[in-house]
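Using the hints, put the two standalone chains together into the complex.
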Amino acid sequence: MNQDLFIQNLFNALTVGSLYALIAIGYTMVYGILRFINFAHGDVFMVGAYFIFFTVNFSIIPWPLAALAAIIGASALGILVDRVAYRPLREAPRISALISAIGVSFLLENLGLVIFTGLPRPAVQPAWLVDPIIYGNIRILPLSFVVPAVTAVLVLGLLFIVYRTRPGLAMRSIARDIETTRLMGVSIDRTIALTFGLGSALAAAAGIMWAMRYPQIHPFMGVLPGFKAFIAAVVGGIGSIQGAVLGGLLLGTVEIVAVANWPELSGYRDAFAFVLLIVILLFRPTGLMGEKMEDKI
Amino acid sequence: MKSLKILAGIMLAVFLAAGPARAQVKIGVYLPLTGQNAFGGQLELDGINLAHQEMPEAIGQKVELVVMDNKSDKVEAANAVQRLIDRDKVVAIIGTYGSSLAMAGGEVAEVAKIPVVGTSCTNPLVTQGKTYYFRACFIDPYQGAGAATYAFNELKAKKAALLIDVSNDYAVGLGAFFKRSFTTLGGEIVTEMKYNSGDQDFTAQLTEINSKQPDVMFIPAYFAEGGIIMKQARELGAKFRIMGGDAMDNPETVSIAGAASEGFIHTSFPYDAGMANMNEQAKAFTGAWRLANPDKEPNVNAALGYASYLMIVKAIEKAGAATPEAITKALAETKDLPTPLGMLTLDSDHNPQMPVGIIEIKDGKRVYLGEVQPE
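Here the protein sequences line up with chains B and W, keeping their order.
The first sequence maps to residues 1 to 297 in this note's numbering.
The second sequence maps to residues 1 to 375 in this note's numbering.
Hint data in this document are derived by calculation from the structure and do not stem from the laboratory.
Computed from a prediction, not measured in an experiment: that's the story for all the values here.
Beta carbons: idealized from backbone N, C-alpha and C, even for Gly.
A couple of the hints might just be wrong.
Pair by pair, the computed Cβ-Cβ distance ranges are [to be verified]:
no. : chain 1 : residue 1 : chain 2 : residue 2 : range
1   : W       : 360       : B       : 190       : 56 to 64 Å
2   : B       : 131       : W       : 213       : 49 to 57 Å
3   : B       : 106       : W       : 154       : 42 to 50 Å
4   : B       : 164       : W       : 364       : 26 to 34 Å
5   : B       : 92        : W       : 360       : 54 to 62 Å
Pulled out of the complex, with its shape left as it was, chain W reads as follows (with noise of 0.2 Å):
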């Protein structure tokens, strides 16, 4: 009874000493930190963090980030939402690069009834009939459109091969959409040509595409497939134009494919930090980072990360409560909110209407062409 009596009164200790002292916003953050790509997902952390550290107050609370390593797994991902809505009750989310990670994560938010908002997940499905999942980023068939209308009107390209990743959701999405683009604009896709993730050896296929002389291929892969397979296309003598998507926007592309990723396009966010015609938010934004980090330049999956915390923290000034239910609400009507992208407008589907940047690397450097408006 007497060890009842000491257990209760720890117990007491315990809830007054964890009491809050002051109310906080806990937002969770969930991206690859590790894995294949961890890349990606460490630039939009900070991103993410910069936006914290311009705006570290909501409604007169203070937001605290609690950040999950997903892995560049979909179980982890899927495993990491649970713990920062079970353990962490977090009030609203943040993440992650790749769409088949944000799917995986999305489906464990969307039964506990808290909102995410992505990063960079392109494909259509991670919001699609979805009520909690928003993305600062635009979605697959923007991209894949964008890339078959650059093609056809710029390069004049008339064939097109494709070769894609099948067991990865967003090469499969970008492809097909790239696909419906190229044909509906007049143009012909004269091979298709599959591979799988972590597959090193594309030889066979780079053979059979290249007997089909094409005026440009199309890979919607991640930059380290992507890489390679500019590198062994060009060893097999391929001459055709190489395009890709916003994976393949990376510096390692170029340390990896070395002179083959000569002349690659690829579509990309409209953000770049040599852009010509930035907007305020764009020029703030880039300015930060440049103080932030002086030896790091500034980058879309920066500006991404950081327009997710800013469409979360406007939601709940917004909203002036930070549940997950008004948070939800106020986020399904953003509208003409000033980012680095951009005005940003959420569609009924909570995706964002934006032109697509494209980008070609010259010279081993990238550089920002303009935007296409995607037919």
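Chain B on its own, in the form it takes in the complex (with noise of 0.2 Å):
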């Protein structure tokens, strides 16, 4: 591989690796929290895709402030889902839950196939991001900086929220020992509404990001980012933020380098990725950055 080819196939990974990052914060975010793992996230992830969708294509308001409104509505629906169908099942075993969440998964997907029907839209692209940068044989879109960007904010602010503030004591403080937190007055259903408020704006953040990458809108977007962001925070120790950004790298750096290095293999694209995952796995069981337990949030 020459130079330029290295340095093109760098900002795929790149690209590619910050958007599985950001998709799988809201899986570690719920998980180290509630020990349970949020399959709708997914379908959060392309409703706000939609959202974006329909207030660029239906309002006079700016991109950015619609991608605000996304990211709000995203959020409301996160809670929604957390009053409904998760809320009335904290005491239940941790398996009706999951249940539960599958359940939410399937209905906002086939939800999006009634209201949205099954048609693919196109995103609309804002210019500045998808402008090529030329340097010689190298072409870089503005997007390929801006998605690091906007995840590396994102994950720096979800950190500070937990680490640094009263919301966030709480929420580490439910991770450790949701009873005792209950008797100190902590309002448990408030900080869990509060996480899937979060984690949900983060998948829709993620799900504006993705639909600016790929501008292909419907119902079943959010299946397969879902699924290996899912992997990446698991690789990289779920319930750990730093890890599920790693992950999201590491995944993304392999599958484009993969194809990269072995052309003539590039239909095993994806089983590429989940060896390399199996074998991390096996050699770390918890994940790249899940041995130190008492600091999951």
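Here it is, written out as structure tokens:
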């Protein structure tokens, strides 16, 4: 591989990896607090993408405001899902909540099919995000810088909330001992709702970024990215925010590198990624950054 | 004992009520009306309905259409055919858009011995070795070879790259035939890259293809992925021509790919609302469509749906009976049947022979360039 190809592929990997990371954080946050995998996360991601599609296409508000509206809308959806589908099952065995999450996932997908129809829709891409920067043979979309930057800002913001604010303290406290936290007078339900709100906001942000990169929106768009991001979260060490970012970037890199180095095996792209992930889990069953149990949020 | 009598009475009444006041011919339709292929399925259904309006009867009996959505899913397709046969007792079936779906449905119909006419399932395996599956469209060798012939003879392309969805029978079949025809003509395949259905990121594959500098890239994809591929290829600075198959024949291709779709060429069936030398049937179909759908242009999928219905009704009339066996026998002998896609004659593999249409995207609009005889 020559240098131009290397740099081109590096940015290809960084873009797709950051997107995986952004989705993976949502999985990891909820797991860290509730020890529960929110399978509807990928579908909130899809709804976020639809929100931006509709706000941009059917209203006059500028793009950044539309993005903000989509994020707020998805947060509200996340909180609603928690209130309706998860909160009544708080005392039930964890497997019940898991089944409920799978149910919510199917519900959102099929609601999407009914409301939005199965027809893929083209997302509006602001020109400043997709006019490539040309440097010799290398062509990089501004999006390739924007996506990692947005991911970094959101992760830092999230870390700030979790480690430097009182609601964040409540989250970490719930993660460690839910009963004692309740006795301390912390509102468990409100804190968990906040967690789902934050997680869904991240999913929506990822959905918007994803729609900018791959401008096609359909009701099942969240399934495969959601699945991959979940694997990324597990590899990074589920429960660890930094781990989710690392896992996402690693997954994106492996996918691109595998195809770039062994073009004739490009059909096995996903297999490459998952084999590496299995290998990592064989040697580090708790994931790359999952060893320090007490640090889990 | 008394309750048993009442029950028998009720059953008798039900039987009598259900008894036909007038004989009916039930024809099943299974098409993707939701999911990723919904667009094509819906248009074909419109074409079938139009043909049904024009010819509501066969051998003096009313024809009833029973429509099932196969949801663009192989399992659903098999279930849909099963239900049409078991529950609705249809004598023949029309469908479907998508070869993978047709193959799944075909297995069920073959066992039940019910004839099926495929609308736009172009993979050879759909009818190969099958007694009961027919189709109104040509097969992949035609299209792949047609695209390769056009690329080599008209575009003067010497080096071609392939980007193929390996989890899709249609894409694999079409790609293989393009490759065979292009190399036979004297061209070179510089690289053959692969991906899986549902993938959204093709940057790694396209970066590799770009580095080989082909004259043309052939993507036998569906429009959903095809649009994204074109867009990413241009973002990465690709200068080669891009070609595809009939599954890219969709307005969404342009709306998703935008400016990146400019100059894109794809093969299609030999019907277009704007074609220069239209035959009588095509003129009649176009006129009837415009009357029924003043806001929508007739398209080739609608024409194929129309032709499929035509094939079955003509077969029933020729056979003089609406039984699955009689229809199957008559369908196999279809010869010089006038359809909007030209005179249709089925070969021994139940595949029609016809030239391949070539379409180019110019200024965001599809332009019918003409037909090419595959070599």
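Query - Hints that the structure is at odds with (numbers, increasing) - result: Of the numbered hints, 2 and 4 do not hold.
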